[in-house]
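Taken in sequence, the protein lines are chains A and B.
Quick note: the first sequence uses this note's numbering, first residue 594, plus one each step.
Quick note: the second sequence uses this note's numbering, first residue 8, plus one each step.
Just to be clear, a hint being listed does not mean it is correct.
As the list claims (entries may be wrong) - If you want the footprint, here are the derived chain A segments under chain B, 3+ residues with CB under 8 Å:
(1) 995-1009
(2) 1016-1025
(3) 1042-1053
Unchecked claim - If you want the ones that stay clear, here's a sample from chain B, every Cβ over 10 Å from chain A, calculated:
(4) D112
(5) V199
(6) W215
(7) L231
(8) A299
If you are wondering where the hints come from, they were derived from the structure by calculation, not from laboratory data.
Every residue gets a Cβ at the ideal spot worked out from N, C-alpha and C, and that includes glycine.
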Amino acid sequence: MSLYSRRALLSMAAATSLSVALAACGASGGTGGGGDSSPPAAASKAVGQAEIDKAMSTPTELTFWTWVPDIEQEVALFEKKYPAIDVKVVNAGQGVPQYTKLRTALQAGTGAPDVVQMEYQYIPTFTITDSLLDLRPYGASALKDTFVDWTWGQVSGPKGEVWAIPQDTGPMGMLYRQDIFDEHGIDVPKTWDEFAAAARKLHAADPEVYLTNLAANEAAAWHGLLWQAGAKPYVSANKSDITIKVNDEPSKKLAAYWGGLAKEGVIGVEPDFTDSWFSALNKGKYATWITAAWGPVFLSGSAKSTAGKWRAAPLPQWDTAKPVSGNWGGSTSAVVKTTKNPIAAAQFAQFLNSDPESAKMFATKQFFFPATKALLADPDFVGDKPAFYGGQQVNQVFADISGTVGPSFQWPPFLDRVVTDWTETVGKSLSAKTDTVAALEQWQTRITTFARSQGFTVQAQ
Amino acid sequence: MTAASPKGPPRPRRRLRTGGAGPLFVAPFLVLFLVLFLAPLGYAAYLSLFQNRLIGGTTFVGLENYLTALQDPLLLEGVARVAAFFVIQVPVMLLLALLFALALDSGLMRLARVVRLGIFVPYAVPSVVASLMWGYLYGADYGPFAQLSSALGLPVPRFLSDDWMLPSLANIVTWEFVGYNMILLYAALRAVPQELYEAAAMDGAGAWRIAWSVKLPALRPALLLALVFSVIGSFQLFNEPNLLQRLAPDVIDSAYTANLYAYSLAFTSQQINYAAAVSFLLGLVIVIVSYAVLLTANRRRTP
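Let the hints inform the model, and build the full structure from the sequences given.
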């Protein structure tokens, strides 16, 4: 056997395991897409308090898939209140790898968790396959006013279903280098026009420095900016009808703006969260980072050498009369429909994110940007003055931004595909400095073709 | 065995015993082969005949997935790209491996063992680690090559740009596998009987002549083996582009290589049935190319 090259063996192993994985994925056979078999727990009849009390005092084990570090602390609060329930925390990967595992487990019919960490944008991707439990019968509707309005919009379905409980959010804002702005006499841009002018001025003054970097691989940031521009690229009226217009007017405005700046070469377009990008932030190659509310803490950990030089501000606006923002990131706790303990799982998802002590712990221990109204008004939270930002009340800045996030942005039911297609059309046009508005049309064509091939009735422009 | 018992009867009994043992010895292999190889393969083939839509569920579509795949520009592009990769990278890699093997075998090299180990060591580095390492070295801003060229006032090489990506990938794969192929060829050289060299020397052949007329022909089977494995490896190129995708997402798209395309279809687009069809077609391409390589090599040998 030692005569075989390792590469051939590896590829053979890969081919075999791919077939096995494919086999596992297809195991549900006929019911895969339809998902008509609803367990009895999904009935939308409210569950009585007596039933809940009984379930919460019956010894039960719940499995919770999450990538949040040290979430055991919050879980312990729940277990302390409900000693009969034992929550097993499993890290099944962050983001996409976890969703891939979840899908595989769901289609195989075994191994899926009870409760799962899920980003807002992925909720429709999992409700289209009927994989999430509607939490209304378990009292989730009562939590509506606990959470910031737009987050509740994100977790709600078209018929008022509650698919998940918000955990943290990422209203978008701008972090900027005060020292670089001062050096070149740049005021904090209030509008996107001022921002473009500043980009040209800064790069002309110092060719080594760019006003910002719009990562050509970051579809999530693009969607946040679309959100801010008031675009409604995906609207699902019901399960099988979808309107797709990623090439509508607000989108074209956005594409012309960023595509233009990229073509002029006055902004960076390198992929984010790479070594090169981290070095660039540390070395002052970019004077701003268009980011979200989780950005400040993240940056203070990854660009330590620039401590004290950064400040936070809202995003520049298209219309200063009506300041708006979008969201990038944040996640929720969702209950997987196949759970054998829907009551305990639903109670856990609700407690974890709505219990004041637990929610506050997320803000202070994991440095999550909160989704609850109470915390965004909590003086302890918004009054924090980190030295990294020169003592600015950064949380207050983002708490204010959170109030301006548009409430009705929707995500498509096949997000992965939309993201891949974005990277290969719009993202590519940014980095290749070709026509970004034309790339929108390619993006539109690719998504609508895919949606039709998946059996959707597609309305396009 | 022939010196068995003087009496006749025991013989058939013994034969009966051995007759039962044969299948028993083969059984563990057969069971594993069936369960781990044929069954998943068969199931993937079965899957490739269906279509699973988000709306409407699963339907039997016969060979439609295959017909779609044959006209899929993304798949064809991916296959063409790995074919180009094969044509560029494999000759370079095998030539280097051959040179190193001949040099080591010549016995004229100092520190032969150290050199042999040095060339072989990259093979011991997992391909994931190798890709990450090279990804860092290629970095256009802070990679050592970039730093060096900007220190010297030269234009910074863009190893991860559209034009350079394929050569950059080829370099990683070559770096990883030259050592392995060298060992393969070197082992074949050591197996050449000493008498052949002596006979060649008697006939007045010099070192170059021996290398050309004795060593190279002796290496033919080993080279062929290395070539066939390289066909498989090239057409299944996955790890390296998959990892470099993170550094250059604008260059390496989800269909950069055929294998990467099958993977993203299955795990990103959820088109498991179509992915199965694509995988089968890719397997077919590999079989055809491997046979083409074997046939051309054998035809050359016969006349």
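Against the structure, the hints come out as follows:
Given as covered by chain B, the region 995-1009 of chain A passes the check, having 3 residues with a CB less than 8 Å from a CB of that chain where 3 are the minimum. Check on the region 1016-1025 of chain A: 7 of its residues sit with their Cβ under 8 Å from a Cβ of chain B, so the three-residue criterion for coverage holds. Against chain B, the region 1042-1053 of chain A contributes 5 residues with a C-beta closer than 8 Å to a partner C-beta. That satisfies the three-residue criterion, and the hint holds. The non-interface label for D112/B is consistent with chain A: the shortest C-beta to C-beta separation is roughly 18 Å, beyond 10 Å.
The claim that V199/B is not at the interface with chain A holds, since no C-beta of that chain comes within 10 Å of its own (minimum 17 Å). Residue placement check: W215/B keeps its beta carbon more than 10 Å from all beta carbons of chain A (closest about 29 Å). With 10 Å as the threshold on Cβ separation, the claim that L231/B sits away from chain A holds: the shortest Cβ distance comes to roughly 12 Å. Every Cβ of chain A is farther than 10 Å from the Cβ of A299/B; the closest lies at roughly 17 Å, confirming the non-interface assignment.
Of the hints listed earlier, there is not a single one the structure fails to meet.
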